[in-house]
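J.: Note that the sequence shown covers residues 1 to 692 in my numbering.
Keep in mind the hints are simulated off the structure, nothing from the lab. Just so we're clear, the structure is a prediction, and the values are computed from it rather than from any experiment. There's no promise every hint is true.
[Claimed, not checked] Straight-line Cα separation of at most 20 Å, SDA-like style, residue types lysine to any residue; simulated pairs: (1) K489 / D524; (2) K607 / D565; (3) K150 / A245; (4) K607 / L571; (5) K291 / A277; (6) K463 / K149; (7) K291 / R34; (8) K274 / R344; (9) K463 / V221; (10) K150 / T202; (11) K535 / C505; (12) K150 / L116; (13) K607 / L631; (14) K212 / T202; (15) K150 / D386; (16) K572 / R534; (17) K572 / L539; (18) K291 / H30; (19) K658 / T673; (20) K535 / K489; (21) K572 / V586; (22) K212 / S264; (23) K102 / N296; (24) K607 / F626; (25) K658 / L631; (26) K150 / S264; (27) K149 / V221; (28) K572 / L557; (29) K658 / F626; (30) K102 / D412; (31) K102 / E523; (32) K463 / A426.
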Amino acid sequence: MNSSLETYIRDVSRNPDSIDAYLRLGHAFHEMERYADAVSIYNQALAQRLSTGALYHNRGNALLELGRWEEAIASYREALCRMPTFAEGYVTIATALQSLRKPYEAMASCHRALTLDPDCAEAHWNLALALLQVGEFAQGWQEFEWRWKKRGFTTKPRTFLQPLWDGGPLENRTILIYAEQGFGDTFQFARYLPLLAAQGGTVIVECPEPQKTVLAGVPGVYSCVAAGEPLPDFDCQLPVMSLPAVFQTRLETIPLNFPYIFPSLDALSSWNVKFTATDTVRVGLVWAGRKKPDPNRTCPFENFALLSDMPGVTFYSLQLDNEMSASGEARHGFGLVDHTAEIRDFSDTAALIANLDLVLSIDTGVAHLAGALGKETWVLLPYAADWRWMLDRDDSPWYPDMRLFRQEQAGDWQGVMVSLRAALIARVTKFLAERDLRSPALEAAYSDGLSLLQTGRVDEAEKPLVRALLLNRHIPEAFNALGVVCREKGRHREARGFFYSALACDPEYADCHINLGNAFFGEDRLDEAEQAYRKALQLCPVDVRAHQNLGVVLQALGRLSEAEDSFRTALKIDPGYTTARWNLAVLYLMTGNFAEGFQKFEARFSKNEPVPVRHADLPLWDGCSFSGRTLLVHAEQGFGDTFQFMRYLPLVAERCGKVIFECQHESLRDLLTASLRGTAFVYVRGETLPEV
1 MNSSLETYIR
11 DVSRNPDSID
21 AYLRLGHAFH
31 EMERYADAVS
41 IYNQALAQRL
51 STGALYHNRG
61 NALLELGRWE
71 EAIASYREAL
81 CRMPTFAEGY
91 VTIATALQSL
101 RKPYEAMASC
111 HRALTLDPDC
121 AEAHWNLALA
131 LLQVGEFAQG
141 WQEFEWRWKK
151 RGFTTKPRTF
161 LQPLWDGGPL
171 ENRTILIYAE
181 QGFGDTFQFA
191 RYLPLLAAQG
201 GTVIVECPEP
211 QKTVLAGVPG
221 VYSCVAAGEP
231 LPDFDCQLPV
241 MSLPAVFQTR
251 LETIPLNFPY
261 IFPSLDALSS
271 WNVKFTATDT
281 VRVGLVWAGR
291 KKPDPNRTCP
301 FENFALLSDM
311 PGVTFYSLQL
321 DNEMSASGEA
331 RHGFGLVDHT
341 AEIRDFSDTA
351 ALIANLDLVL
361 SIDTGVAHLA
371 GALGKETWVL
381 LPYAADWRWM
391 LDRDDSPWYP
401 DMRLFRQEQA
411 GDWQGVMVSL
421 RAALIARVTK
431 FLAERDLRSP
441 ALEAAYSDGL
451 SLLQTGRVDE
461 AEKPLVRALL
471 LNRHIPEAFN
481 ALGVVCREKG
491 RHREARGFFY
501 SALACDPEYA
511 DCHINLGNAF
521 FGEDRLDEAE
531 QAYRKALQLC
541 PVDVRAHQNL
551 GVVLQALGRL
561 SEAEDSFRTA
571 LKIDPGYTTA
581 RWNLAVLYLM
591 TGNFAEGFQK
601 FEARFSKNEP
611 VPVRHADLPL
621 WDGCSFSGRT
631 LLVHAEQGFG
641 DTFQFMRYLP
651 LVAERCGKVI
661 FECQHESLRD
671 LLTASLRGTA
681 FVYVRGETLP
691 EV
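Using the sequences provided together with the hints, build the complete structure.
T.: If you want it as structure tokens, here you go:
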């Protein structure tokens, strides 16, 4: 470009009366983002009385990029005086009017453009943005579909053989929803995915790789495919930002079922342990976005200096773009904690956000992710904000837990910071006062999760428990329950992460120390399991589970006398605690104390995870003479148990008239029949038995 630029400069110097020379040089400066130089060149041409519509229009474009919107409009109007049928001139005026927060005037300009050119995609697009900004969703979504015909649209149109979904029945059909535009757009409109599943559709999502894991966890999503990976078969398809149009969304019908995005359990567990227990309020910060499409969104980090001495607050970086990160000196002076180097994808980002109390963000994908998580989020907006933030509102119809801080003058971030500081001081005070309060929504989420967990529906318990933590990260019971979910899935390391988080909230949470011991035991880390159980007993000396579990660990460590004491202590506290009775039985049998061992071994039918009781309608035989009658003996547990204890059947037959033996599987029938040689009649479980 530099060599071309030099050529264009020489061309203007040699041909000062050439309009094309000025246009080429101005365009070159514009492409290099040297907008002030472009304006200067166009002004130089106009000073030479080379006043053409193209010069005025291009100057307007450069002024628009500089944020000099009133001047841009004046230049565009001069262009239209010379090119009255140039539809795009009215489109660019509309763009400038929207930047001045004048959407209705912008709409009028778009309509004027469409009168000249009904198929002007840029006019339809700008009209859509203005309509949506003022809440005119019905027409706005329809106009929004013109984005695919707009020049330079950020997403390339897809060509599939399968039809676009038009809102028709989805029962027994597979629908592909694919991401478009930025990360934030997909996060915002992922709220519609559960609605597709509710209509009976199998929902496949295609998205950029960094979003794959977190979007796979959206309720109703069957599978998630990274862009570029082979797509599974599907019946119909739709870009994600067309969903509001198909669902005919109005302001009052925006789906608001929060959260609809959840951090994964493994990410949440691994990120929890990165945060130490603290009494401060944790606030996440995002200050910069990508330069395209809107550089005005970025709030330079030095503006946040006004917040640097905030008492009771620890700030955490959520700035994912390394090029826009604050300098080390600035971070140090601000006390900014930065874990972003450990972020692999948005699942990690979601888990980090879940550990925060509040997110402060400019208009970027992280703001939408935090909003989708149901996390309280404050968004810092430029003077000319995006359509989705509406006009002059400090709240968002898209996210009920979001608050908006707007520039009152273009480029004035300091004014925003003054308002932000005052609001943050008040919010921190309220945070600290409400830390232990439990809202009805939190109680409902925790209760739902706990009920599902207690009834064995472990996978279903996960999301309501995570929802409870997203509402308040200071709830130890929710951390503890999520740890149990992980442990039930055999994921003991992740389970420990949640138990540690629960204990950070409440170090004297005895039940959690027991669960931590269980996780250590699952990893065969017996010494640490013992320590956890003993800590639980320090806190609650009469907890029978701690005594019983300690006994199991001591037995595994070969300290049998201590193990027996633990089991006996549990039974002394609760004589009906059959799990301890059964473990004591196993200990006795291991050490040859068969008399007490077999007596207590009957507890296997009522212990935790009991052996299933069969034929409970029949009375148990007590060993007395049973001559002339029929006795049913049935197998239990494994094949090895059957082989070991079938030795007693001939002895049983000596006391009874007839013995029927019910075994576990057909594969045992011939072997058992031959081995018992008529001592007992062999049946397989499930067959109809003779009367006994």
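J.: Hint by hint, which ones does the structure fall short of?
T.: Failing hints, ascending: 5, 6, 10, 13, 20, 24, 26, 27, 28, 31, 32.
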